[in-house]
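> Chain A is already provided as a structure; the job is to place chains B, C and D on it using the hints.
Chains as they are written, first to last, in the working numbering: chain A, 1 to 454; chain B, 1 to 454; chain C, 1 to 454; chain D, 1 to 454.
Please keep in mind that the hints were generated in silico from the structure rather than gathered at the bench. Among the hints, erroneous ones may be present.
Claimed, not checked - Stretch by stretch, here's where chain A covers chain C in the computed footprint (C-beta under 8 Å, at least three residues): (1) 280-290; (2) 295-301; (3) 339-346.
What the hints assert, rightly or not - Under the rule of at most 20 Å between Cα atoms (straight-line distance), these lysine to aspartate or glutamate pairs were calculated in the EDC-like manner: (4) LYS289/B to GLU395/C; (5) LYS98/D to GLU395/C; (6) LYS98/A to ASP78/A.
Beta carbons: idealized from backbone N, C-alpha and C, even for Gly.
Number of protein chains: 4
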Amino acid sequence: MSAQSGRLWETGAALDELVHRFTVGDDPTWDGHLVHWDCLGSAAHARTLARAELLSQAELDALLAGLADIDRRARAGDFAIPEALEDCHTAIEAALTKRCGQAGAKIHAGRSRNDQVATAMRLFMRHHALRWLDLLDAFVAAVTGRIRCDGHIAMPGYTHLRPAMPSRVGQWLHAIAEAGLEQMRAACDLLERLDACPLGTGAGFGVPLPLDRAHSAELLGFSRVQRSALDVQNSRGRLEKYFVRAAVDVAAVLEKMSCDLILFTAAEFGFFGLPEAMTTGSSIMPQKKNPDVLELLRGRSARLRARLFELEWVTGKLPSSYHRDLQLTKEPTIRIALELPELLEVATRVAAGFTINAERLAAAMGPELYATHAALELVQRGVPFREAYRRVAEEIKAGRFDDGAAERWRRSTERFDPAILAALEDERAAWRRETKRYRVRTAAAEAELLPGNH
Amino acid sequence: MSAQSGRLWETGAALDELVHRFTVGDDPTWDGHLVHWDCLGSAAHARTLARAELLSQAELDALLAGLADIDRRARAGDFAIPEALEDCHTAIEAALTKRCGQAGAKIHAGRSRNDQVATAMRLFMRHHALRWLDLLDAFVAAVTGRIRCDGHIAMPGYTHLRPAMPSRVGQWLHAIAEAGLEQMRAACDLLERLDACPLGTGAGFGVPLPLDRAHSAELLGFSRVQRSALDVQNSRGRLEKYFVRAAVDVAAVLEKMSCDLILFTAAEFGFFGLPEAMTTGSSIMPQKKNPDVLELLRGRSARLRARLFELEWVTGKLPSSYHRDLQLTKEPTIRIALELPELLEVATRVAAGFTINAERLAAAMGPELYATHAALELVQRGVPFREAYRRVAEEIKAGRFDDGAAERWRRSTERFDPAILAALEDERAAWRRETKRYRVRTAAAEAELLPGNH
Amino acid sequence: MSAQSGRLWETGAALDELVHRFTVGDDPTWDGHLVHWDCLGSAAHARTLARAELLSQAELDALLAGLADIDRRARAGDFAIPEALEDCHTAIEAALTKRCGQAGAKIHAGRSRNDQVATAMRLFMRHHALRWLDLLDAFVAAVTGRIRCDGHIAMPGYTHLRPAMPSRVGQWLHAIAEAGLEQMRAACDLLERLDACPLGTGAGFGVPLPLDRAHSAELLGFSRVQRSALDVQNSRGRLEKYFVRAAVDVAAVLEKMSCDLILFTAAEFGFFGLPEAMTTGSSIMPQKKNPDVLELLRGRSARLRARLFELEWVTGKLPSSYHRDLQLTKEPTIRIALELPELLEVATRVAAGFTINAERLAAAMGPELYATHAALELVQRGVPFREAYRRVAEEIKAGRFDDGAAERWRRSTERFDPAILAALEDERAAWRRETKRYRVRTAAAEAELLPGNH
Amino acid sequence: MSAQSGRLWETGAALDELVHRFTVGDDPTWDGHLVHWDCLGSAAHARTLARAELLSQAELDALLAGLADIDRRARAGDFAIPEALEDCHTAIEAALTKRCGQAGAKIHAGRSRNDQVATAMRLFMRHHALRWLDLLDAFVAAVTGRIRCDGHIAMPGYTHLRPAMPSRVGQWLHAIAEAGLEQMRAACDLLERLDACPLGTGAGFGVPLPLDRAHSAELLGFSRVQRSALDVQNSRGRLEKYFVRAAVDVAAVLEKMSCDLILFTAAEFGFFGLPEAMTTGSSIMPQKKNPDVLELLRGRSARLRARLFELEWVTGKLPSSYHRDLQLTKEPTIRIALELPELLEVATRVAAGFTINAERLAAAMGPELYATHAALELVQRGVPFREAYRRVAEEIKAGRFDDGAAERWRRSTERFDPAILAALEDERAAWRRETKRYRVRTAAAEAELLPGNH
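One chain only, chain A, in its complex shape (with noise of 0.2 Å):
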């Protein structure tokens, strides 16, 4: 019996346990993460039933009560989801149908958990997305800070991890900002993709009622409705995977920083250093101060490529429509949005603390980092490049190589490019700006849905 179980189907036998458990898996668990936008995606879907009247005022405006009140409790942790009801949106129709009665039964009228799921999953990964552009506008500007701070700093330039050119600290760190920043642009992209409202479309063929699709993406801030109701379902998993990608991306550019400073602040090169505070010690070797933070950040940033991979296994060769195996999809997406936050917080830290040995610095800049600003010095003075390239290398090698260019390019290239700077955060602000407009619908959307409750 439905009555009984709880669940929003029956085929009317007994279910077998273990198949049941295994069928509901961790859904309850994920499905935590997921309360306030079912809450939020039902208010909107039960204003657009009563607006084709489906719904009277009363059944709305209680319907709209219940969810603001599940939505409250789930944020006081205080709305749990029994196993028995499989999964949120089950959860959220008993809730309502307790409490509201026959117009907790109309609800689920025009609507399937298909569609409902994907528009729930929608509205978080856009929460999410505008949070991790925060972070990481917070990341590019302690990044950006450095440079301000000791951008003029000389440095060897690295290629194949040996001595190249000289460079300086905030050259380093420009490439970590740029990088950063077209990760910005990327969650831009990110949010237009997912700026697609897939409630009304039901299972996956349309609804036969005469709901105003339109609405309800105008109440959920959406800015266009997803037209196609089977594309609904097979973009399970397909946006997702932009979701992940977005955030494997991020988590790249901290991953390749890591790598940086794991190397900068070893010993043998003594660049940089950690504070204190960001070292752990040896369980026995009592001497030792390791970098645990920096690995953790390359080696969690690494594997986030893996739910990346886990979403491509789930949903990789299925035909059309939904399938059970599209319920995986939930797991690396909510995980990666708990995940990401937390490397870009750590990177920030470790970005603003991470200390400099000029005295190291100083003394890494060899003489011949300069052979190739000598040749060109040549160049510049009418030797074809080719020619300048080999008279500098038979200098080196026959150890008659001066560092008269080392003295110019220290006496000729004194700060970091200002200009530069101005440019960064310009471009940072424009990221910012350009993602201001979702940020207005998502907040609308919460105040018009679940009043009071922001």
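For chains B, C and D alone, coordinates are given in the frame of chain A:
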């Protein structure tokens, strides 16, 4: 000896031949696809050198004529890259030096192979992204064409691969078209990310010559300069990853269509057929007509993901700056540029050519497909949805479910919505328009830098 | 202060709390699964210390009693790992020190967390590999049981998902059974690779104390010592990879069975069915009976590959020796150890429970399935195969193909070969026997080191 | 027409040329590596046909001579596979039919391309696994040789890339040797899994002819028959996966060695060097000597994982039996068979050739490396370890730590343990012995089936 080896570098020692062959690897093969783009990049660099008075007008003219000649020869299959010369960049410089003497020896001033490769790859990717867009456009057009002709034919909608609700051939195709359009949007995002010129950043630490990077960028049709020299190297593989992902996502659309068609053309479904000219036989079973083309579309689309994985593994966990590992980003990028067009062309042929078995489709429209419609008709008469759901479930169980809803569905929705067809065409045109500026700039660069070759 | 923090190391500075939480991560959660194995490893280490006269008999007795008590508490859910203590190893040493005083402070002599974790993980993996073997054995037994009952029922054989040749239910199941047996073989290979004791290698550079590593190995039931101390650290993740691959390969067998059953239970095929107790319904479509259990077997089997990928990314491209990244090898290993049994149990239930629709199967045995038989009958009468193939193809095309071969096939092969059934049973028994020595040694270690707890 | 097309099948319709080219793909290229193995498999099949009196002795003799001739031509580069003929199997049958007439038309009786390909691939993989073992053996021998010469030289041991404890060059190399030996063990496991003959299973449903499969197996040097005909098809890709994994694991050993050497040869460490003949230069920086060989060993080892991923994607989530996707398992398998030897040969050259900078190593043996030794000396005098750890930590902090332990370490452990060297040699010999039976059987098969060609 450099004189003997022709390589762009020389450590002065005889190179271990096993090691040399290993370091060269397949570069000469893959670089065959880059000659044109390196000629273009080299022409822009030469003009910027001349503008800085590091080349005379006569030298510039000689170099430009030489590059145009190399480009023509490469197109005619008449420009080989000898293993001894490692890569196309070396082979081109060697050919220029042979032809133009001292001017050839001057062209490498102010650049490194590092920014040179990055430039060639970016031009290569821009070109191929535009080509994909054309083929994707044709694919979406073929799908839309089928919707126009056959969109009205009724077809069961499936979830969990079980008959779910009534649908139409057009609704199935519509989902494919939408997924295709989304990838056109994605290709536009990709073009924007590729739209930054790396030329003039040298080995990753800039170049101490007064070169006008903005001029180079404009000549090559880029709308901006990639500011950070180090980020140019750090973006090796990063931009390639965006490129490969765009292809993987297009292929995922084809994969899903193939998975559907493999089922729907199976005897047990029998909804669709493949023209005999698209089937293949068995070496042992005389009666077989196999859908190899669909299976290979599925398998080859699926395996494209391995190229992405290859890029991730080659570039992941590397510190900043250039490492030789990055050379291995060429193969997956070039391969995917060549493979995706094949997949798109074949998929377009399939989408245009599959046949429809109207009788089998009609026979498959069993009454249970309309259960949800029946329940929602009750909802429209005021029955709460949960109650309506239960009533219909009981009717079905008791064998009392009648097909009134079926009859009403058939009467109500006879054709595929022409407004949606129009919207699909509009969006397709919009993405084409969006890319026009890249096409114009690319064509202008070709005409300006390698005149007479196009 | 270590006294305050309880950590096994102390750099002397207050630790940044954000960084601390980040470095601890989920270790306390995952380590809950390792307490038992660390107690076992610690008991062996204590005995080896005592043998080297680095612990008195009284100290040893106190430690062994303490470890047995911790083990009992952990099994009763009564041994928590506080976040402040980072991991189970620290929590266990802290608990021992609290209980046994100075003896507790002595137990870490001659070991590092590095070899301690490796030991615990190896014991954990050995245990779970043996558990998998039991469940795999039960799965193969269920499949073999179905062959015995239903193996004779005729069923079309498919290639390219197109009817190919006559087959039997037993032949389909036989392939599954063989794949299962192959994984039993693979589990035996895995056990052999795990059969080397890492204890006593310290942080990766040995321990300057006269500890008898062979004694530790014997106590723990390993047949050999892992010789190289550094390789113990380098094998973190490497051995886990073998373990995870073994699970992934088992799951691939279940994945394939699920893919088959999703098709064969579809209405359009209709060969098999799922008992109602294994089907689930739809929230919107009253008539649906969905094979969620099969789809989740497919999806969850497929996604296990992501754990492997996670391990590869965490451990790949690392230099020799311990890096904190390696801590991230725990999660995928432990998760997969817990997940595979669920999959195996459910798959066994499905294999034993699916129903067979003999009428649909019989109806599906169309005459064209016998084309190859007809051709090979001609071959037996002396016609060259290529000629026979052509003749039959022409008969089919002309509608002249008769079903004599069908009739003869039906008469000739009425049951599944009992010799093969016997061979399957024999091989299953052989692999069970092959693992007996590991079971015996493991049980002996438990009885000896944590007496009274089993 | 088959007569015209030469294909082994014929649906009777003209084939769409785009589709045909697409379905053939690169098969002719990759199949070039399979001709020899298909000749071997075909010779065995012919002999088994003759034994069943389906070929006369004269026909058999003609076929065997024809196969030996094709094999010789292929080895001489004189046997092309035209695109029209799709694959090597068709080309070989066509060549036989051209040469032997009716005997050629008879050879395909009782087999399908499905079991034929499986047989050729299995022979191919067995051959290459044995070849890897030889090269791996040589690599381990080179490493062991370096231990013998240089094993005694002191070197810091690192954890977290921070100096940890005193170690020796030999201990670093020992870990590499052990990892190599483990892969020799793994290759033996692989050979055992490959040791089952698929020939005679047809398209996956057996063959209704009285063919003696055990005879075919014996002729080809397999110790058992693969019992289930359907499992032969299901194991396409599964066995290839084992093969590719074995290669990936060998490469991971080389990857780790390369990661170490990139660091240890960096100027900042300076422990080791590369002979100049193994370094490469820069196109712009005249002073550079780059370790491209090490970076490519790292990058190419890392990317091998993509081949595994390719196999997983091509074969994952497929139902039982043959699907054309499986054809795509050839490329990654064959590529990896060709790539791994290159990597092993270069790595062996590097392992034998890197130079040691004894002064830099000696200078790096700083006093703090001995902190653990100092603590454990206290332990041996009865101080509990935790107390000893704290005392030493305080001495270090206070600058009072003396290097008595260092002196004692230097005196106590002067050379690499010869017993371990002997154990390494013994184990290496053991794995070689273990493979002898496969070598003997393979050689016997070649001599028997293609006499005169070896």
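> Confirm or reject each hint.
These are the hints, each one checked on the structure:
1. 280-290: holds (count 9)
2. 295-301: Three-residue rule met by the region 295-301 of chain C, so holds; n is 5.
3. 339-346: Satisfied; 3 residues make the cut.
4. LYS289/B to GLU395/C: Distance of about 15 Å is within 20 Å: holds.
5. LYS98/D to GLU395/C: violated (26 Å)
6. LYS98/A to ASP78/A: With a Cα-Cα distance of about 16 Å, the restraint between LYS98/A and ASP78/A holds, given a limit of 20 Å.
Comparing the model with each earlier hint shows a violation of hint 5 alone; every other hint is respected.
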